[in-house]
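Once you have looked at the hints, place chains B and C on chain A.
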Amino acid sequence: MSPSPAHLIRLSDLSDRELEDLLDLAGRLKRRAAAEKLQNRSVGLLFFRGSLRTRTAFESAMHQLGGHTVHLAGASDFWELEAAEGRVMDGRAPEHVKDAAAVLSSYVDALAIRPPMAGHSWASDRRDEAIAAWAKWARVPVINLESAMWHPLQALSDLMTMKEALGDLRGKRLAIVWTHSPTPASPAVVHSLIDAATRAGMDVRLAHPPGYELDEEVARVIGARGRSYRSCDAREEAVEGAQVVYARSWWSLADYGNPTLAASRRARTHGWKVDEDLLARGDGARFMHAMPVRRNMEASDEVLDGPRSLVVEQAANRLHATKAVLLKLIKG
Amino acid sequence: MSPSPAHLIRLSDLSDRELEDLLDLAGRLKRRAAAEKLQNRSVGLLFFRGSLRTRTAFESAMHQLGGHTVHLAGASDFWELEAAEGRVMDGRAPEHVKDAAAVLSSYVDALAIRPPMAGHSWASDRRDEAIAAWAKWARVPVINLESAMWHPLQALSDLMTMKEALGDLRGKRLAIVWTHSPTPASPAVVHSLIDAATRAGMDVRLAHPPGYELDEEVARVIGARGRSYRSCDAREEAVEGAQVVYARSWWSLADYGNPTLAASRRARTHGWKVDEDLLARGDGARFMHAMPVRRNMEASDEVLDGPRSLVVEQAANRLHATKAVLLKLIKG
Amino acid sequence: MSPSPAHLIRLSDLSDRELEDLLDLAGRLKRRAAAEKLQNRSVGLLFFRGSLRTRTAFESAMHQLGGHTVHLAGASDFWELEAAEGRVMDGRAPEHVKDAAAVLSSYVDALAIRPPMAGHSWASDRRDEAIAAWAKWARVPVINLESAMWHPLQALSDLMTMKEALGDLRGKRLAIVWTHSPTPASPAVVHSLIDAATRAGMDVRLAHPPGYELDEEVARVIGARGRSYRSCDAREEAVEGAQVVYARSWWSLADYGNPTLAASRRARTHGWKVDEDLLARGDGARFMHAMPVRRNMEASDEVLDGPRSLVVEQAANRLHATKAVLLKLIKG
Chain A
1 MSPSPAHLIR
11 LSDLSDRELE
21 DLLDLAGRLK
31 RRAAAEKLQN
41 RSVGLLFFRG
51 SLRTRTAFES
61 AMHQLGGHTV
71 HLAGASDFWE
81 LEAAEGRVMD
91 GRAPEHVKDA
101 AAVLSSYVDA
111 LAIRPPMAGH
121 SWASDRRDEA
131 IAAWAKWARV
141 PVINLESAMW
151 HPLQALSDLM
161 TMKEALGDLR
171 GKRLAIVWTH
181 SPTPASPAVV
191 HSLIDAATRA
201 GMDVRLAHPP
211 GYELDEEVAR
221 VIGARGRSYR
231 SCDAREEAVE
241 GAQVVYARSW
251 WSLADYGNPT
261 LAASRRARTH
271 GWKVDEDLLA
281 RGDGARFMHA
291 MPVRRNMEAS
301 DEVLDGPRSL
311 VVEQAANRLH
321 ATKAVLLKLI
331 KG
Chain B
333 MSPSPAHLIR
343 LSDLSDRELE
353 DLLDLAGRLK
363 RRAAAEKLQN
373 RSVGLLFFRG
383 SLRTRTAFES
393 AMHQLGGHTV
403 HLAGASDFWE
413 LEAAEGRVMD
423 GRAPEHVKDA
433 AAVLSSYVDA
443 LAIRPPMAGH
453 SWASDRRDEA
463 IAAWAKWARV
473 PVINLESAMW
483 HPLQALSDLM
493 TMKEALGDLR
503 GKRLAIVWTH
513 SPTPASPAVV
523 HSLIDAATRA
533 GMDVRLAHPP
543 GYELDEEVAR
553 VIGARGRSYR
563 SCDAREEAVE
573 GAQVVYARSW
583 WSLADYGNPT
593 LAASRRARTH
603 GWKVDEDLLA
613 RGDGARFMHA
623 MPVRRNMEAS
633 DEVLDGPRSL
643 VVEQAANRLH
653 ATKAVLLKLI
663 KG
Chain C
665 MSPSPAHLIR
675 LSDLSDRELE
685 DLLDLAGRLK
695 RRAAAEKLQN
705 RSVGLLFFRG
715 SLRTRTAFES
725 AMHQLGGHTV
735 HLAGASDFWE
745 LEAAEGRVMD
755 GRAPEHVKDA
765 AAVLSSYVDA
775 LAIRPPMAGH
785 SWASDRRDEA
795 IAAWAKWARV
805 PVINLESAMW
815 HPLQALSDLM
825 TMKEALGDLR
835 GKRLAIVWTH
845 SPTPASPAVV
855 HSLIDAATRA
865 GMDVRLAHPP
875 GYELDEEVAR
885 VIGARGRSYR
895 SCDAREEAVE
905 GAQVVYARSW
915 WSLADYGNPT
925 LAASRRARTH
935 GWKVDEDLLA
945 RGDGARFMHA
955 MPVRRNMEAS
965 DEVLDGPRSL
975 VVEQAANRLH
985 ATKAVLLKLI
995 KG
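Chains as they are written, first to last, in the working numbering: chain A, 1 to 332; chain B, 333 to 664; chain C, 665 to 996.
Same shape as in the complex, but just chain A (with noise of 0.2 Å):
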């Protein structure tokens, strides 16, 4: 990882080595066979939005490491920071991040992090500012916990679980299929996801209704390594021969800031759901979903529950990929 203190805020910042150290730590320490302790260290988790999974793992991570964590919530224990530089800060912000971060890594071993999202222009949140100001300020190492690009843990998670259930993952193809809900989600699942699975070397093929196109960004990370990632406009296609169908619904980044245009072209996407037949189209494709998923809505109750779905087990290697990382970052 990069120069003291590492930072985990996108799996682009890992070396291929890196990345395959994370995951065979990740998975020494599902088996218990890994022994390094993190007894009274600390790590501070600072949710800018809520969190359920992402909040309860990290924080059991940290417990069956022998250590602690600190919980604050945007909403009630901190309030609005600045992150330009150089300003008068005569506005809503009493603190800037410069201050907040060099005080916080006084106090604990690392800094967990789900930063806030204006919700206004997709070309400034895409920006992921206030992540980057962190990891600038931060004088130890901070951790991506979501932001509106990239969701590097999740990702860890997705990757080990896929090796799990099919071993090397080189051309083995992964379907991504984008699924109506009335609550969508950040691209940062399906972005991360995208940049491990091909440095991972599978073939990645994109099915979305119109306008549901990702961030530019993306294409630019996977081209410089020399990969690619296809969309194909029915998910039928996308599924042909996949060995791994992956759901997932995010926002339209076209409408980002505008609730009624983006619930205009939510209305036509009825039926992008995964279910059975679908499923059957693959070449004995396995199921995934990062969750939360609307049962029956982006995907059926057998879907979920059959025996091709990993979505469990995907959710539960959030423990084990969290461990590896904190063991990494705060221990070296």
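Read the hints as simulated data drawn from the structure, not as lab findings.
Don't take every hint at face value.
As the list claims (entries may be wrong) - Each computed EDC-like pair below joins lysine to aspartate or glutamate, with the alpha-carbon atoms no more than 20 Å apart:
#1 B:663 to B:345
#2 C:827 to C:947
#3 B:468 to A:301
#4 C:800 to B:633
#5 B:495 to B:356
#6 C:827 to C:685
#7 C:694 to C:828
#8 C:800 to B:634
#9 A:136 to C:965
#10 A:331 to A:24
#11 A:136 to C:966
#12 B:468 to A:313
#13 C:800 to B:637
#14 B:369 to B:356
#15 B:362 to B:352
#16 A:328 to A:13
#17 B:362 to B:496
#18 A:163 to A:313
#19 A:136 to C:969
#20 B:468 to A:305
#21 C:800 to C:677
#22 B:468 to B:417
#23 A:37 to A:24
#24 B:495 to B:348
#25 C:694 to C:977
#26 B:468 to B:414
#27 A:163 to A:203
#28 C:800 to B:645
#29 B:362 to B:645
#30 A:136 to C:977
#31 B:468 to A:302
#32 A:328 to A:20
#33 B:663 to B:352
#34 C:827 to C:867
#35 A:30 to A:313
#36 C:995 to C:688
As the list claims (entries may be wrong) - Covered stretches of chain B (in silico footprint by chain A; criterion: 3 or more residues with CB under 8 Å from a CB of chain A, positions within the stretch not fixed):
#37 393-406
#38 434-442
For each residue, glycine too, the CB sits at the ideal point set by N, CA and C.
Just chains B and C now, with coordinates in the frame of chain A:
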């Protein structure tokens, strides 16, 4: 306790022998004679409604046993969860209890839950569907931290406190007296108390104004064990000859979900409080209350602070009862 | 410290010797020379008002000593508490501090409290009745995490920081300069700082616009020890020859509870900030601020980030000062 994973939803889940074992263990833990540990174990606490005593007792119990807690508050940390099966999830709940329970079970060693109450219809809330769904889907023990119907940890602590004060409880008389409060609570504490006290062989008398009858399930549970409790019209009659007077304000199940009717009924109940005169009608009666208590409205300062009061002891025993439950459920 | 249980409500609770011992211990803990442990001990944190630094420093201090914390937030985890005695509790508060304090004392080893402030009348809030009620009724040590009047943990850390930077503080000059901010804080930090600094033998000068006089209790406490501090009309006069310049924005006690008057008075105070020019008037003066700080409004970036700034060191010392207090109060 029931087959793996064991849960504690209501005291009726326990055999007489299991209940006795739990109380013995709680007593040993109070005297620090037990050495069992829950090192590096975690419990997830899910509070859909606030708490002071339950939460602090629970977290401290876990800490003193060497373990950790993850506290999730309904208001900020998670969303509405669907409990019904087979439904198309197009409503407010973005996630199913089935999935949340499976996932959290892979992160923590037990789940302690104070479930939500819709508050509209007693016929619906009395079914305790939320906690039942968690118990059905969790793969680790589920501990009920007070549902609409039951509050087993409070009753365990109440039973422990009465045994410490009175020794063998068989044939001893317990008077449960309804009290007036602008903020009454659920009848769960009283339901579980009657369950516990009749099982211990106590003679239980209950006094309350008209319209404050308990849920019929209580009579059914107690009757099935060949026990009974008796309702009295006057609180003086209930207290006569009692060794314990237990005060508690609970809402009218008849007016449930109708605040106007409830307030109107409550307006006729001023004077339902426990003072020295009432307590003196007992047989050297000790005074109990599960708190929070409105002083000089539900019970006088003289009673609460007097030599017969067990209220602090009773609250303190929550710690030891909780430890016993944690050890039994997690270690078996 | 005072008889069992010891509390820390204000520095005046400590003898000179006890204060010195605390600072020595904090210094040893900073160098990791102390081995005392608080294994399996818990502290309850009750925040009736939000916090970032205090809360994280406190939780991490306890974790690094091997112990745990239970964090209770006023907004969500508990309700209004009655502090007056003998009253019929028919109002909003469903519980009395007397009962909450007695019960929590049986679960944790100390209670650290940031009490509520009603905000209507300084004559009332200055009495610090809430924290006094907790100290009266708790059966474990109570630590004041900033009341209306005092912030002892901040002052301990400030004193420690000045000693590290300047050595023996006798005769050294401390200039406290009021700063303009749209969100001023309570004068508690400055009250406790003057208490600590005069006791250490420093020559304290204070500069603020008209109407920002401190509470009269400060002069009384300092005077009783034969010390004094001096108010200056101009900040240049206060800073002249100072070894430390301490910036802080506090609200006008004269306008307390009257936001319109307060805003109108504050509108005339633009320009009350610390910049390089002002700092240069000192005698090689170091710069301090308890944070949060509004950059380029209260103090310039050049001052805050410059070589004379102690602001991060000062915040970092909160950790060590808190550890020393925890060890002294819990272990004795």
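Here is how each hint holds up against the structure:
1. The suggested pairing of residue 663 of chain B with residue 345 of chain B holds, with an alpha-carbon distance near 18 Å, which does not exceed 20 Å.
2. Distance check on the hinted pair: residue 827 of chain C and residue 947 of chain C sit about 16 Å apart at the alpha-carbon level, within 20 Å; holds.
3. Distance restraint check for residue 468 of chain B and residue 301 of chain A: the Cα-Cα separation of roughly 17 Å lies within the 20 Å cut-off, and the hinted pair is therefore satisfied.
4. Pair hint residue 800 of chain C plus residue 633 of chain B holds up; C-alpha atoms about 17 Å apart against a cutoff of 20 Å.
5. Taken as a hint, the residue 495 of chain B and residue 356 of chain B pair is honoured in the structure, with Cα atoms around 11 Å apart against an allowance of 20 Å.
6. Between residue 827 of chain C and residue 685 of chain C the alpha-carbon distance is near 14 Å, which keeps this suggested pair within the 20 Å criterion.
7. Of the pairs offered as hints, the one joining residue 694 of chain C and residue 828 of chain C holds, with about 12 Å between alpha carbons and a cut-off of 20 Å not exceeded.
8. With a C-alpha separation of about 19 Å, the suggested pairing of residue 800 of chain C with residue 634 of chain B holds against the 20 Å cut-off.
9. Under the criterion of a C-alpha separation no larger than 20 Å, the hint pairing residue 136 of chain A with residue 965 of chain C is consistent with the structure, at around 17 Å.
10. With a C-alpha separation of about 16 Å, the suggested pair residue 331 of chain A and residue 24 of chain A falls inside the 20 Å cut-off, and the hint holds.
11. With a C-alpha separation of about 19 Å, the suggested pairing of residue 136 of chain A with residue 966 of chain C holds against the 20 Å cut-off.
12. Under the criterion of a C-alpha separation no larger than 20 Å, the hint pairing residue 468 of chain B with residue 313 of chain A is consistent with the structure, at around 19 Å.
13. A hinted pair counts as satisfied when its Cα atoms are at most 20 Å apart, and residue 800 of chain C with residue 637 of chain B qualifies at roughly 15 Å.
14. This hinted pair checks out: residue 369 of chain B and residue 356 of chain B have alpha carbons roughly 17 Å apart, not beyond 20 Å.
15. Simply put, residue 362 of chain B and residue 352 of chain B have alpha-carbon atoms about 15 Å apart, close enough for the 20 Å limit, and the pair holds.
16. A hinted pair counts as satisfied when its Cα atoms are at most 20 Å apart, and residue 328 of chain A with residue 13 of chain A qualifies at roughly 13 Å.
17. Annotation: proposed proximity of residue 362 of chain B to residue 496 of chain B holds, straight-line Cα distance about 12 Å (limit 20 Å).
18. At most 20 Å may separate the alpha-carbon atoms for a hinted pair to count; residue 163 of chain A and residue 313 of chain A meet this at roughly 12 Å.
19. Distance hint between residue 136 of chain A and residue 969 of chain C is fulfilled; the C-alpha atoms sit about 15 Å from each other, no more than 20 Å.
20. A threshold of 20 Å between alpha carbons decides the hint, and for residue 468 of chain B with residue 305 of chain A the separation of about 15 Å falls inside it, so the pair holds.
21. About 14 Å separates the Cα atoms of residue 800 of chain C and residue 677 of chain C, which keeps this hinted pair within 20 Å; it holds.
22. The straight-line distance between the Cα atoms of residue 468 of chain B and residue 417 of chain B is roughly 12 Å, inside the 20 Å bound, and the hint therefore holds.
23. At roughly 17 Å between alpha-carbon atoms, residue 37 of chain A and residue 24 of chain A fall within 20 Å of each other, so this suggested pair holds.
24. Among the hinted pairs, residue 495 of chain B with residue 348 of chain B is consistent with the structure: their alpha-carbon atoms are about 15 Å apart, no more than 20 Å.
25. This hinted pair checks out: residue 694 of chain C and residue 977 of chain C have alpha carbons roughly 12 Å apart, not beyond 20 Å.
26. The suggested pairing of residue 468 of chain B with residue 414 of chain B holds, with an alpha-carbon distance near 14 Å, which does not exceed 20 Å.
27. Between the alpha carbons of residue 163 of chain A and residue 203 of chain A the distance comes to roughly 14 Å, so the proposed pair stays at or under 20 Å and holds.
28. Distance check on the hinted pair: residue 800 of chain C and residue 645 of chain B sit about 19 Å apart at the alpha-carbon level, within 20 Å; holds.
29. For the proposed pair residue 362 of chain B and residue 645 of chain B, the alpha carbon gap of about 12 Å is at most 20 Å, so the pair holds.
30. Distance check on the hinted pair: residue 136 of chain A and residue 977 of chain C sit about 19 Å apart at the alpha-carbon level, within 20 Å; holds.
31. Between residue 468 of chain B and residue 302 of chain A the alpha-carbon distance is near 19 Å, which keeps this suggested pair within the 20 Å criterion.
32. The hinted pair formed by residue 328 of chain A and residue 20 of chain A meets the criterion: a straight-line CA distance of about 12 Å does not exceed 20 Å.
33. Proposed proximity of residue 663 of chain B and residue 352 of chain B is supported: the alpha carbons are some 17 Å apart, at most 20 Å.
34. A distance of roughly 14 Å separates the Cα atoms of residue 827 of chain C and residue 867 of chain C; the hinted pair therefore holds under the 20 Å criterion.
35. Restraint check for residue 30 of chain A and residue 313 of chain A: the C-alpha separation of about 12 Å stays at or below 20 Å, so the hint holds.
36. Note on residue 995 of chain C and residue 688 of chain C: the hinted pairing holds, with a Cα-Cα distance of about 16 Å set against a maximum of 20 Å.
37. Requiring three or more residues with a Cβ within less than 8 Å of a Cβ of chain A, the coverage given for the stretch 393-406 of chain B holds, as 5 such residues are present.
38. Counting residues of the stretch 434-442 of chain B whose beta-carbon sits less than 8 Å from any beta-carbon of chain A gives 6, enough to reach three: the coverage restraint holds.
Against the hints set out earlier in the document, no violation occurs for any number.
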